[in-house]
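**Q** Protein sequence lines correspond, in order, to chains A, B and C. Position 66, counted from 1, in the first sequence is what the numbering used here calls 66; the numbers after and before it change by one each time, with no gaps. Position 317, counted from 1, in the second sequence is what the numbering used here calls 317; the numbers after and before it change by one each time, with no gaps. Position 750, counted from 1, in the third sequence is what the numbering used here calls 750; the numbers after and before it change by one each time, with no gaps.
Don't read these hints as lab results, they were simulated from the structure. It is possible that some hints are incorrect.
Residues of chain B clear of chain A, computed beta-carbon distances all greater than 10 Å [said to hold, decoys possible]:
{"hint": "1", "residue": "R3"}
{"hint": "2", "residue": "S5"}
{"hint": "3", "residue": "G52"}
{"hint": "4", "residue": "K65"}
{"hint": "5", "residue": "D87"}
{"hint": "6", "residue": "D106"}
{"hint": "7", "residue": "L140"}
{"hint": "8", "residue": "R211"}
{"hint": "9", "residue": "G230"}
{"hint": "10", "residue": "D287"}
{"hint": "11", "residue": "K288"}
{"hint": "12", "residue": "F398"}
Listed next, the in silico DSS-like pairs over lysine-lysine satisfying Cα-Cα at most 30 Å (straight line) [said to hold, decoys possible]:
{"hint": "13", "chain 1": "B", "residue 1": "K154", "chain 2": "B", "residue 2": "K65"}
{"hint": "14", "chain 1": "C", "residue 1": "K876", "chain 2": "A", "residue 2": "K107"}
{"hint": "15", "chain 1": "C", "residue 1": "K876", "chain 2": "A", "residue 2": "K46"}
{"hint": "16", "chain 1": "B", "residue 1": "K216", "chain 2": "B", "residue 2": "K53"}
{"hint": "17", "chain 1": "C", "residue 1": "K189", "chain 2": "C", "residue 2": "K155"}
{"hint": "18", "chain 1": "B", "residue 1": "K53", "chain 2": "C", "residue 2": "K137"}
{"hint": "19", "chain 1": "B", "residue 1": "K216", "chain 2": "A", "residue 2": "K49"}
{"hint": "20", "chain 1": "A", "residue 1": "K27", "chain 2": "C", "residue 2": "K870"}
{"hint": "21", "chain 1": "C", "residue 1": "K868", "chain 2": "A", "residue 2": "K27"}
{"hint": "22", "chain 1": "C", "residue 1": "K133", "chain 2": "C", "residue 2": "K118"}
{"hint": "23", "chain 1": "C", "residue 1": "K133", "chain 2": "B", "residue 2": "K53"}
{"hint": "24", "chain 1": "C", "residue 1": "K763", "chain 2": "B", "residue 2": "K132"}
{"hint": "25", "chain 1": "B", "residue 1": "K267", "chain 2": "C", "residue 2": "K52"}
{"hint": "26", "chain 1": "B", "residue 1": "K267", "chain 2": "A", "residue 2": "K49"}
{"hint": "27", "chain 1": "C", "residue 1": "K133", "chain 2": "C", "residue 2": "K155"}
{"hint": "28", "chain 1": "C", "residue 1": "K52", "chain 2": "C", "residue 2": "K155"}
{"hint": "29", "chain 1": "A", "residue 1": "K49", "chain 2": "C", "residue 2": "K428"}
{"hint": "30", "chain 1": "A", "residue 1": "K46", "chain 2": "B", "residue 2": "K132"}
{"hint": "31", "chain 1": "B", "residue 1": "K224", "chain 2": "C", "residue 2": "K428"}
{"hint": "32", "chain 1": "B", "residue 1": "K132", "chain 2": "C", "residue 2": "K936"}
{"hint": "33", "chain 1": "B", "residue 1": "K267", "chain 2": "C", "residue 2": "K428"}
{"hint": "34", "chain 1": "A", "residue 1": "K64", "chain 2": "C", "residue 2": "K659"}
{"hint": "35", "chain 1": "B", "residue 1": "K132", "chain 2": "A", "residue 2": "K27"}
{"hint": "36", "chain 1": "B", "residue 1": "K288", "chain 2": "C", "residue 2": "K870"}
{"hint": "37", "chain 1": "C", "residue 1": "K981", "chain 2": "C", "residue 2": "K771"}
{"hint": "38", "chain 1": "B", "residue 1": "K224", "chain 2": "A", "residue 2": "K46"}
{"hint": "39", "chain 1": "C", "residue 1": "K133", "chain 2": "B", "residue 2": "K267"}
{"hint": "40", "chain 1": "A", "residue 1": "K49", "chain 2": "B", "residue 2": "K351"}
Just so you know, these numbers come straight off a predicted model, no measurement behind them. Positions of the beta carbon are idealized from the N, C-alpha and C atoms, including for glycine.
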Amino acid sequence: MLTFTCPYCGVVAEESELTGGGEAHLKRFGPGSSDAEFEAYLFTRKNPKGVHFERWRHAYGCGKWFLAARDTNTLEVFGTYPAQTTEPPADLIAAIKNKRPGWEGWK
Amino acid sequence: MRRYSMFAVAREALRYHAGWERAWRSPEPKKRYDVVVVGAGGHGLATAYYLGKVHGITNVAVIEKGWLGGGNTGRNTTIIRSNYLQDASAAIFEKALQLYEGLSQDLNYNVMFSPRGLLMLAQSEHEMRGYKRTVYANALQGVQTEWISRERVKELVPIINLDGPRYPVLGALYQERGGTARHDAVAWGYARGCSAMGMDIIQQCEVTGIRTVNGKVQGIDTTKGAIDCGKLAMVVAGHSGVLAEMAGFRLPLESVALQAWVSEPIKPVIDVVVMANLVHCYISQSDKGELVLGGGIDHCNNFTQRGSWYTLEETTRALVETYPVVSRLKMLRQWGGIVDITGDHSPIISKAPVEGIFVDCGWGTGGFKAIPGSGWAMAELVAKGHSPLAEGFGLNRFREGRFIDESVAAGVAH
Amino acid sequence: MSTRLAKGGRLLDRSKPLNFTFNGTPLRGFQGDTLASALLGSGRTLLGRSFKYHRPRGLVASGVEEPNVLVNLGRNARLEPDQRATTTELFEGAEASSQNHWPSLDFDIGEINDKIGKLFPAGFYYKTFMAPKWAWKHLFEPVIRQAAGLGAAPKEADPDRYEQTYAFCDVLVAGGGVAGLAAALAEAKAGKRVMVMEQTAFWGGRAPVDGGIIDGLAPDEWVRNAIETLEKMENVQLFTRTMVSGLYNHGYVIGYQRVADHTPGDGRPRHRLWRIRAGLVITATGALERPLAFAGNDVPGVMLASAVRDYVVNWAVSPGDRVVIVTNNDDAYRTALAVLDAGLSVPVVIDARDSVTGALPMAVKARGVRVLEGRGIAKVLGRKAVTGVEICAQAGEGGVIETVACDCVAMSGGWSPVVHLFSHVGGKLIWDEAGAMFRPDATRPPIKADGTALARAVGAANGALTLDALCAEAGLAAQVEPEAPLAPVWVMPAGAKEALKFKAFLDYQNDVKVSDVQLAAREGYTSVEHTKRYTTLGMASDQGKLSNINGLAILSDALGQAIPQTGTTTFRPPYTPISFGAVAAEAKGEIFQPLRRTPMHGWHEAKGAHWEPVGLWRRPYCYPRAGESHRDAVNREITNTRTNVGLLDASTLGKIVVKGPDAGRFLDMLYTGMMSTLPVGKCRYGIMCNENGFLMDDGVVVRLSEDSWLCHTTSGGAEHIHAWMEDWLQCEWWDWKVYTANLTEQYAQVAVVGPKARMVLEKLGGMDVSKEALPFMSLAEGTLGGFPARVFRISFSGELSYEIAVPANMGLAFWEALNAAGAEFGAMPYGTEALHVMRAEKGFIMIGDETDGTVIPQDLNLGWAISKKKDDYLGKRAQARVEMARPDRWRLVGLETIDGTVLPDGVYAVAEGHNANGQRNTQGRVTSTYWSPTLKKGIAMGLVVNGPERMGEVLDFPGDGGVVHKVKIVDPCFYDKEGEKANV
C-alpha cells in the first residue's frame with residue numbers, strides 16, 4: 001500500500017485513494033506523425049527497474065493528476081509534482097542524483 | 001538419463017536413495033552455442049526442450065541469472081485452460097494444453113497435470129453473453145468448452161454461494177480438460193529433459209551485454225564470460241525490457257505485481273478451479289490441501305515481487321462472499337510475482353529488430369498455462385524463422401494496430 | 001507420562017476450572033491454560049498425526065511455532081480446522097479433536113506410509129505415478145488428495161462477526177516482552193504516539209520464565225511496573241492477543257487481534273484487523289528455539305527445552321517424570337533447573353559440546369545431575385511415547401554408548417531471532433557466526449516512502465539473546481548467569497548414518513528429514529528455493545519456524561558452502577495464519593460492493609423488478625407480472641411502448657457538464673464528431689474513441705448554453721469518461737479553459753417513450769412539448785407538472801420520445817407523477833431488455849454489444865458521426881494504421897435467419913477452410929440477437945467481412961448440437977427505416 005503526497009491538496013494519500021496512470025512525460029503524437037512515433041507514444045515504455053516517472057490521480061481525494069518519481073525496485077518515492085509540466089523539476093532531478101549517483105537520468 | 005519409475009524408486013529405497021543422479025547437469029558455459037536461450041523459467045526451458053526434441057538443435061545453452069524456475073513459473077496459481085476467445089490465443093493455449101496432457105510421460109517427470117475442470121462464473125448478462133460467444137468461437141477453433149447452468153455449477157462447486165445478494169451466479173463457462181499442474185515440476189522436468197539432450201543449463205549467470213555486428217547478433221557477455229551464439233532467444237518475462245535495451249531496442253511492456261495466497265491445508269472441499277472475473281477472484285485446492293487463491297494485478301510498475309494489501313483484501317472479500325466457508329479458514333502465506341504486460345495484454349513471440357534475436361515475453365497473468373505451447377512456438381520460430389502458432393503474436397502488431405484482445409468477452413487474461 | 005503438578009503455574013488460576021473435550025473425552029483444565037497445556041496436564045501426549053507418514057506426534061513447542069498439534073476446534077458452522085493448540089486459550093466447553101487420521105488417533109491406517117516410508121523420500125511423486133497415463137487423474141491423485149490436507153472445513157457459512165479498524169502511530173512495537181516494553185517506554189517518554197502489540201494474552205515474553213534480575217527487579221515485577229507506567233500514558237495504546245502479522249509497503253502494517261477467540265459467542269467480533277500506518281516498527285518479536293536433528297526427534301515426548309520449562313513454570317504441567325536434556329548451549333540447562341525445581345528428575349544432560357564449563361551447567365551439576373560432554377542422541381526409543389534414549393558420541397556415527405530410560409526429552413539447538421517482520425518488505429539479514437543465526441542488518445532495513453528505515457529490531461529479535469545483552473541494548477541493568485557460547489549442531493551425531501538421518505526430522509508437519517534435504521542437494525536442487533520446494537521443507541502451516549535454519553545448514557553442508565552463501569527463503573506475511581474472515585471483515589453480503597441506487601430504485605423493487613447488474617448499479621431488466629415469464633414481460637413492455645407509452649428509469653446514464661471558453665474545442669478533440677458547432681438548445685449523437693481508435697463510449701451531447709455542454713455517457717461509462725476528460729484537461733491541454741462536473745447522481749432521468757408520450761407530458765402540463773416548440777434532437781427547460789425539468793427530444797427506440805431530467809431528490813415523485821399521468825394512456829415501466837430489443841429493432845448500436853474494445857466507428861458504419869473537417873480527435877491517428885484501413889474488416893449488418901428463429905447469442909459465421917493452426921475460418925459473428933415482438937421474428941446485428949457490400953447473401957452460423965443457422969445479411973434497421981415515428 002504505497003503512499004504519495006498529493007502536491008495539490010497536501011494530503012498523504014494511500015494507494016487505494018489513487019489511480020495509477022503509467023509512465024509520465026509521454027509526448028502525444030496525433031495525425032501526421034509517423035507509424036514509429038505513434039507506436040512509441042502508445043506502447044513503448046521505459047519500464048525501468050529503478051527510477052520511474054509516473055502519473056497518479058488523487059481520484060478519491062481532490063481529483064487532481066500529479067506526477068511522481070519512484071524507484072520500482074525499492075518503492076522509494078523521491079517526490080511528487082503537478083502534472084502541468086513537460087519535464088521533472090530540477091530540484092527533484094538533483095535529489096534523485098544525490099541518492100542514486102549512477103542514475104542515467106529521466107529521458 | 002536414468003528413467004524415473006515406481007520400480008526405480010523401489011530399487012533406490014533399498015539403499016536410502018543414494019544412487020539418484022543429478023536431475024540436470026550444472027556445467028560451465030562453452031565458447032559457442034547454436035542457440036542461447038536467456039531465461040530458465042518454464043518458457044525458456046520449454047523453448048530449449050522443443051528446439052532439441054522437435055528440431056534436432058541440441059547445441060543449446062539456457063542462461064539463468066538466478067535459479068531455474070525461480071520467476072513466475074514458481075509463483076503462480078498453476079491454472080491451466082485453453083478456452084480463450086481469439087484465434088491466435090486459442091491456438092497457442094490449446095497447443096499448450098495438449099502438450100500438458102502428455103507432459104509427464106514425455107518428460108518422464110510427473111508434473112501432476114490435473115485436468116479437474118475449470119469454471120469461469122458469469123455474474124452479469126454481459127459476462128454470460130461473452131462466455132457464450134467463447135463457446136461458439138472455441139467450437140470452431142477445436143477447443144472443447146461448454147456453457148453450464150447454475151445448477152451444474154453448484155454440483156461441481158458445492159461450497160459456492162450462488163445467490164450472493166450482490167451478483168448472483170447465472171452459469172459458467174466450463175472447460176472439463178482445464179485444471180492445474182505442479183508449477184515447479186514443469187520447470188524441473190523440462191530442465192532435466194534439456195540436460196539429458198546435452199544442453200547446458202547455466203544458473204547464477206547474468207547477461208551483462210549483447211554483442212551485435214551489422215545488425216546481427218554475435219553473442220552475449222555474462223558474469224561467467226563471453227558466449228557466442230548463432231541465435232539468441234530472450235525469454236525473461238519482466239526483465240525483457242532490460243535485455244532488449246542491451247540489444248538496442250525497446251518493448252511495449254510494463255511490469256506490475258500480481259499476488260497470490262494460500263490457506264492452511266484442509267481436507268478436500270473444492271475439486272475444480274473456479275474463476276469469478278466480475279468480482280475478480282479465483283480459487284482451487286492443491287493436492288496438499290491448501291486453497292490457492294488469487295485476484296487481479298496491482299496498478300503500478302513494480303519489480304519487488306510484493307503487491308499491495310488492498311488488492312489482496314478486495315479479492316478475499318470476493319472469495320468470502322462467493323464461498324462463505326472460507327471465512328473460517330486461515331491465510332497461511334501470501335506472495336507476489338512480477339508480470340510483464342503488453343499493450344493488448346497478449347504475449348509477444350516474435351523476431352526482434354536485431355537479426356538472430358527472438359523474444360518471447362509479455363505473458364502477463366497467463367504465462368504458466370502457456371508454457372509448453374509457448375516453448376513449442378518459440379522453438380519453431382527460432383529454428384525455422386516462422387511458426388503458425390506465433391504468427392499473431394509478432395511485435396509488428398502494435399504498429400499496425402492488430403491486437404489480440406482477450407478482455408473483450410468479459411474475460412480476463414488469466 | 002505428562003501430568004499436572006500440584007503446585008505452581010504462574011499463569012494459572014486454579015480457582016477457575018474449565019471443562020473441555022478432546023476427541024469426545026471430557027477433560028479439565030484451568031483458567032490461564034492453553035489447550036496444549038490443558039491436554040498435557042491431562043496426561044495426553046499423543047495428540048496428532050503427521051502429514052505424510054502419519055507418524056504419532058505430540059507437542060514440540062509451547063507457542064506459535066508448534067507444528068504438530070493442530071486440532072479441529074468447535075463444531076458445525078463454528079468449526080475451525082488447523083487450530084494450533086499452543087496458541088488456543090482454553091475456555092469453558094471447548095471441543096477439540098485431532099486431525100488427519102483414520103479410524104482413530106491411536107490407530108491410524110495411514111501409518112502404513114511410515115512403515116514403507118523408504119518408498120516415499122522427498123519428491124518421490126515426481127518420479128512415479130506416471131503410468132498408465134490415465135491413472136494420475138483417476139487413481140493416484142484422488143487418493144493423494146483424500147490423504148492430504150489436515151483439518152476439515154466447516155460446511156456452513158461463518159456466523160461470527162469480524163471487523164477492521166484503522167490506526168496511525170509514530171511507533172508500533174511488535175512484541176510485549178522485556179525488549180518491546182523497554183522500547184515502548186523509551187519511545188513513549190520521548191513523546192511519540194506508541195502502539196504495543198503482544199500476540200499472547202500475557203505481557204513479559206520469556207523473561208519471567210527464564211529468570212534473571214532487571215533493574216533490580218524480578219522480571220515479572222519489572223514487567224508489571226512497565227505496563228502500569230505505559231497504561232497511564234495517553235500517548236500509548238497496549239494490545240494483548242494482537243499479533244503484528246505483516247509489514248507492507250511504505251509502513252503499512254496489519255495487526256490481527258483475536259478479540260473473542262477465548263470467549264466464543266459473547267457477541268463481540270471474533271477478530272479485529274488493525275490497518276496501521278506506522279512511522280517506525282520496532283520488532284521485538286523474540287527468538288525461537290531450534291530443535292536438534294536426531295533420529296526419533298519427533299516421538300511424542302520430545303520437546304523443545306524452552307517449551308518444557310514453559311509448561312512446568314507457566315502451567316504447572318510436567319511433560320514427564322524423567323526428562324533427558326539434550327543441548328548444544330547453556331540456556332537449556334535452565335530447563336534442567338526448572339524441572340528439578342518442580343520435583344521431577346533429570347537422569348542426564350547430553351551436551352554436544354566437548355567442554356561444558358558455564359555457570360548454568362555448573363549449577364545443574366551441583367544438583368547432582370550427570371552432564372555428558374561431547375555426546376548426542378543416536379536414537380529416541382518409543383513410538384507413541386518416549387521410553388528412552390540411546391546415547392552416542394556426537395562426533396561419531398551413532399554407535400550406542402548407553403541407553404537411558406526417560407519419558408521426556410528436552411532438546412535445544414540454539415535460538416533463531418524472529419526476523420520475519422523485519423524481512424517482509426525487503427529488510428536484509430546478516431549471518432552471525434558466533435550465534436549461528438541470521439539477524440537483522442540494521443544498515444539495510446526495510447524502507448518507507450521517503451527512503452528512511454521502517455523497522456528496527458530489538459532484543460532477541462535483534463540477536464540479543466541473553467537478558468544481559470538485551471538489557472544492555474535497552475539501557476537497563478541486568479543480572480543473569482553468563483552463558484558460554486553454543487556449538488552449532490545441525491545433525492546429531494555428526495556422522496549419522498542413513499538409517500538415522502532417515503528418522504531425523506526437520507520439518508515435523510511435512511515429514512521432511514535430514515535425508516530428504518541431502519537427497520535434494522544430491523539431485524541438483526541446490527538453490528535454497530529448489531530444496532524447499534522439492535522437499536516441502538518449511539512449507540507447512542508453521543512456515544518453517546522450527547525447520548528453516550536447520551534445513552539451510554544441512555543443505556549448505558551438503559553443498560560444501562557457507563550458510564550465508566546458501567541464503568534464506570523469502571519471509572512472507574502473515575507471521576502466523578490469520579482468518580480470512582478478518583481480512584474480509586464487514587464487506588460481505590449487501591455491502592460486499594455497495595449498491596448504487598437511482599432515486600426510483602425502491603419503486604422498482606416494490607414492483608418486483610427483475611434486476612440486472614450494470615456496473616455498481618442495478619437496473620430493472622423487466623417488470624414481470626404474476627404468471628409472466630421474463631420473456632413475456634419484455635415482449636409486453638415493448639409492445640406497449642410501441643403502441644402506447646413506456647417509461648424507463650434512465651437515471652444511471654452518465655451526465656457530465658463540460659463548461660468554459662474552450663469547452664467546444666475540447667469536445668471536438670474528445671468526440672469524433674463536431675460538437676463546437678452544435679447550436680444552443682440542440683442535441684447531437686456523439687461517439688468517443690480511445691487513442692487506439694477503438695470505440696469507447698457514446699451518447700447524446702446537448703449544448704446548454706454558449707459555453708456549456710452536457711455529455712450523456714453510457715451507464716457503465718460515466719466515471720471512466722469523466723476521469724478520461726480530466727486526464728486530458730489536466731495532463732495534456734492544461735492551458736485550455738474548461739471545467740467538467742459529473743452530475744450523474746444529481747439528476748434523475750426518465751425516458752417517456754411511445755406514440756402517446758406527448759399526451760402524458762401534456763397531461764402533466766407546464767411546458768410546450770409540441771413538435772414545433774420542441775423538435776426532434778432539441779432541448780427545452782421548464783416545469784413539467786410542477787417539476788423543474790430539462791426535456792430532451794431524443795430517441796433510442798425509434799419512437800416519439802422525451803428524456804426528462806429532474807433534480808435527483810424529486811426523481812421518485814416525478815416518476816410516480818408520470819406513472820399516474822400515464823395511466824390513462826396505458827403507460828407502463830419498461831426495463832433494460834426492452835430497451836435493448838427496441839434499439840436493435842432500430843439498428844442502433846450498443847456499447848458493449850456491437851463494440852468490444854476492438855471495434856472502430858468505421859466498422860459500425862458510423863462514418864457519418866466522424867467529422868471530416870477536423871485535423872485531430874482522440875483516436876484519429878490510430879484509425880489511420882494499416883489494420884484499421886484494411887478493406888476486409890468485419891462491419892456492421894443486420895442478420896435474419898431464413899426461418900425467422902432467433903440466432904443464439906455469440907455465434908460465428910464460418911468461411912471456407914481452416915487456418916494454419918487448423919481452426920475453422922470465420923467471416924463474421926453476431927453481436928446482438930433478439931426476438932422482436934414487433935416484427936414477430938428473430939432479428940440480429942452482427943459484424944461480417946465487408947458486410948454492407950453483401951446484402952442478401954446467406955451465411956452459415958453453426959449453433960448448438962450440429963445445427964447450422966442459415967442467415968441472410970440485411971440492413972440493420974428493421975423498424976421504421978425512414979424514422980417517421982420519432983419525428984412526429
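**Q** Sort out whether K870/C lies within 30 Å of K288/B, counting only the CA atoms.
**A** 62 Å, violated
**Q** Please check whether the beta-carbon of D106/B is more than 10 Å away from every beta-carbon in chain A.
**A** 35 Å, holds
**Q** Check the hint pairing K133/C with K118/C against an upper bound of 30 Å on the C-alpha distance.
**A** Holds - the C-alpha atoms of K118/C and K133/C are around 25 Å apart, at most 30 Å.
**Q** For R211/B, is the shortest beta carbon distance to chain A beyond 10 Å?
**A** Nearest chain A Cβ is 21 Å from R211/B, so the label holds.
**Q** Compare the distance between the alpha carbons of K132/B and K27/A with 30 Å, and conclude whether the hinted pair is satisfied.
**A** 41 Å, violated
**Q** Check whether the Cα positions of K876/C and K107/A lie no farther apart than 30 Å.
**A** 27 Å, holds
**Q** Would the hint linking K189/C and K155/C be met if the CA-CA limit is 30 Å?
**A** The hint is violated at about 51 Å.
**Q** Are the Cα atoms of K49/A and K428/C separated by 30 Å or less?
**A** 19 Å, holds
**Q** Given the proposed pairing of K216/B with K53/B, does the C-alpha separation stay at or below 30 Å?
**A** 26 Å, holds
**Q** Against the 30 Å threshold, does the CA-CA distance of K216/B and K49/A hold or violate the hint?
**A** Holds, because 27 Å separates the two Cα atoms, which is no more than 30 Å.
**Q** Would the non-interface assignment of S5/B survive a Cβ cutoff of 10 Å against chain A?
**A** Answer for S5/B: holds, closest chain A Cβ roughly 44 Å.
**Q** K267/B and K49/A: Cα distance at most 30 Å?
**A** 42 Å, violated
Consistency note: the structure conflicts with the earlier hints numbered 12, 13, 17, 24, 26, 27, 30, 33, 35, 36.
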